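J.: Just need the whole structure built from these sequences, with the hints factored in.
Protein chains in written order, with numbering that gives the first Met the number 0: chain A, 0 to 422; chain B, 0 to 263.
Any given hint might turn out to be false.
Each pair of labels, with its calculated beta carbon distance range [said to hold, decoys possible]: (1) B/Asn48 <-> A/Leu41: 34 to 44 angstroms; (2) A/Ile400 <-> B/Arg129: 15 to 25 angstroms; (3) B/Val30 <-> A/Ile400: 54 to 64 angstroms; (4) B/Gln174 <-> A/Thr323: 47 to 57 angstroms; (5) B/Val234 <-> A/Phe408: 52 to 62 angstroms; (6) A/Tyr366 <-> B/Arg129: 38 to 48 angstroms; (7) A/Ala396 <-> B/Glu139: 35 to 45 angstroms.
Short derived list, chain A residues pointing at chain B, Cβ under 7 angstroms [claimed, not checked]: (8) Gly256; (9) Ala337; (10) Ile416.
Within a straight-line C-alpha distance of at most 30 angstroms, the following computed DSBU-like cross-link-like pairs (lysine-lysine) qualify [unchecked claim]: (11) B/Lys227 <-> A/Lys409; (12) A/Lys209 <-> A/Lys290; (13) A/Lys230 <-> A/Lys253; (14) A/Lys264 <-> A/Lys290; (15) A/Lys209 <-> A/Lys181; (16) B/Lys88 <-> A/Lys409.
If you're looking for bench data, these hints aren't it; they were derived computationally from the structure. No experiment lies behind these values; they were computed from the predicted model shown. Don't be surprised by glycine CBs; every beta carbon is placed ideally from N, CA and C.
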Amino acid sequence: MSRAARALLFALLFIPNRVAGIAGNVVTALIQIWANKIRSLLTVLGIIIAVTSIISVVTLVEGFGDYVTNFLRGLGTNMMVVYPEWIRGPRGEYLRPAEMTVEDIQAVDGAADAIRRVSPVIHQRATVEYGRQQLVGVSMRCTNELFQSIRNFYVDAGRFFGAVDVEAGAPVCVLGREILRKLECDESIVGDYVHVDNQRFRVIGLLESKGSFMGDNQDELLLIPWTTGLKLYPENRKYLAFYVEAMEEPQVPKAEGQLVSILRKRHALRPGDRNDFGIFKQDEILQEFRKIRVVATSVLAGIVSISLLVGGIGIMNVMLVSVTERTREIGLRKSVGARRRDILLQFLTEAVVLSTVGGAIGIAAGYAITYVAALHPSMVEVRVPLWSVALALGFSAGVGIFFGIIPAFKAAIIHPIDALRHE
Amino acid sequence: MSADPSQPGAPSGGELSPVIELLDVRKIYRVGTELVHALRGVTLDIRENEYVAIMGPSGSGKSTLMNILGCLDILTSGEYRLGGQDVSKLSQSKLAGIRGRRIGFVFQSFELLPRTTALKNVELPLTYTRAPHRRRRAIEALERVSLLDRMHHRPNQLSGGQKQRVAIARALAQQPDIILADEPTGNLDSTTGEEIMAVFDRLRAEGQTIIIVTHEDEIAQRCERVIKLRDGQVVLDTGRAARRFAREAGADRALLGAAAEMAT
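T.: Spelled out as structure tokens, the structure:
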């Protein structure tokens, strides 16, 4: 028989026995842990804290991550918002808002090949009245017919205002679902009239529901043609903002470069001058979020490494005590045929089982915390990622091996005669 | 005495082969800077199915002898053959294997694992030698000490005598060449001690080789052979005389048989 074949045969014969041996060790370990419940619990407290932190922090960060990603996807992935900045003086003080006119917007629209389309927008807070209901401070956008496709935000009842309405500055409006709810009416409002800042508007459509983002309800939104908006709020004429949609998502940086150069030229800015307009892009949200994530991850890593260290030392300590307490047992086991490696494996298994039990308790606690956190009404949707459970279990088992090896080795090298004589 | 055929290396026909052969075994310990000669040249052999008591005052070397016989300790010089195999120069790991397969220990204080059933305690040696049919063999061993009905009890639910019987079953589980009992009745009252000795008597009748280390004369008297140690040397071994007597008795019977034949 060749060496390889012998090795294979040996493995086939030996592995089931080995597995049975380890299973026996695990049972012994569980009996020991159960016999010293309080001691075991106190020992693994550090592990429990570490694992609970891993599970809950990872879950919350991931939950917010998904939430932000979904929000951005809903926003349209190739969208930017351009708005006039305040002009600052030499000491950084705010002087006056920079201008942004409809001509600027048209210039951007016509001259850049990476830009698909633009849509002017005026942000306002308005008072909405319908019947006896009055809503104050409703978020209003005055924009054009391209809003739907640029913002990825569509009507699902009635219609959106068209180019004709925008051209004519028609007194028509589209309402978000939250306004409907607050006005206490249903879809029959389409075709009816509401008063917006004391002007009569016909409701022509209702927006689909988008939910809220960071406590900001996206459905509390009122849309009117921007031309109509200029009639209502003429002071905005020189301070327009606008949405820009790039051709494709990868072309967002190119589109940004093009619009920056067009606007700087139009605003006669010299090299070295700051832009007198701001650009809000999705990756800014992402970057903000990444910063939060880095902070959360470093705090987590700190907590986890300290508590794993404490937990590991606790395990090492209790295992050393256990080895001393059970010296006679070790002697007996050796006298009935246990080899050093059998004893080593037994105590190592015990340390790993102990730390893994701690890990399991921590996982349960982590689940409980995320469950309780999810009960809060404005909490984002969270789900414990499986990889964090695997990571937590891996960490706790690793701590068991790392801190269990010294006590296990100490147990393994005890001489059977000394062990049997031990009082 | 000089041409005694029962000396090691000269097994005679009709007698069982030696399980244990010690040849000039010496053991020297170092205690601090001092050397302690625990065994000063012990030579003896123990044959299958012998029932041996090892006696001696403390410091006589009987514990050392027992540790060496049990492969718990290695000798400084000399030779130890167990079941024909030289075990004097084996590694710790090999010795552990020998202990597991060939030797069944019975201790004064039982040494059962707490929180573990009698059955599991008896299975323990079998798990280390990775023997097959562990459960069945453990049950058989418990049956031999009449403890089947206490199989699922834990040590704290057993009396002292029952605990020692579980320990004996544990020693038997592996079907060892020898049972090595260290003061097996030392922690028991005399009635219970008697009960345990009865178990040993029965096992002996079933063919088991048994070595008991004891300081009690009553225990030693039940054994057919007594080995006494003092200062690391054998000072009395009833085995040789006893065997010679048996052999001579056998010769006498043969003579008688021949005479009877001639008479007819």
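J.: Taking the numbered hints from earlier one at a time, note which ones the structure violates and give those numbers from smallest to largest.
T.: Checked against the structure, the hints that fail are numbers 1, 3, 4, 5, 8, 11, 13 and 14, while the rest are satisfied.
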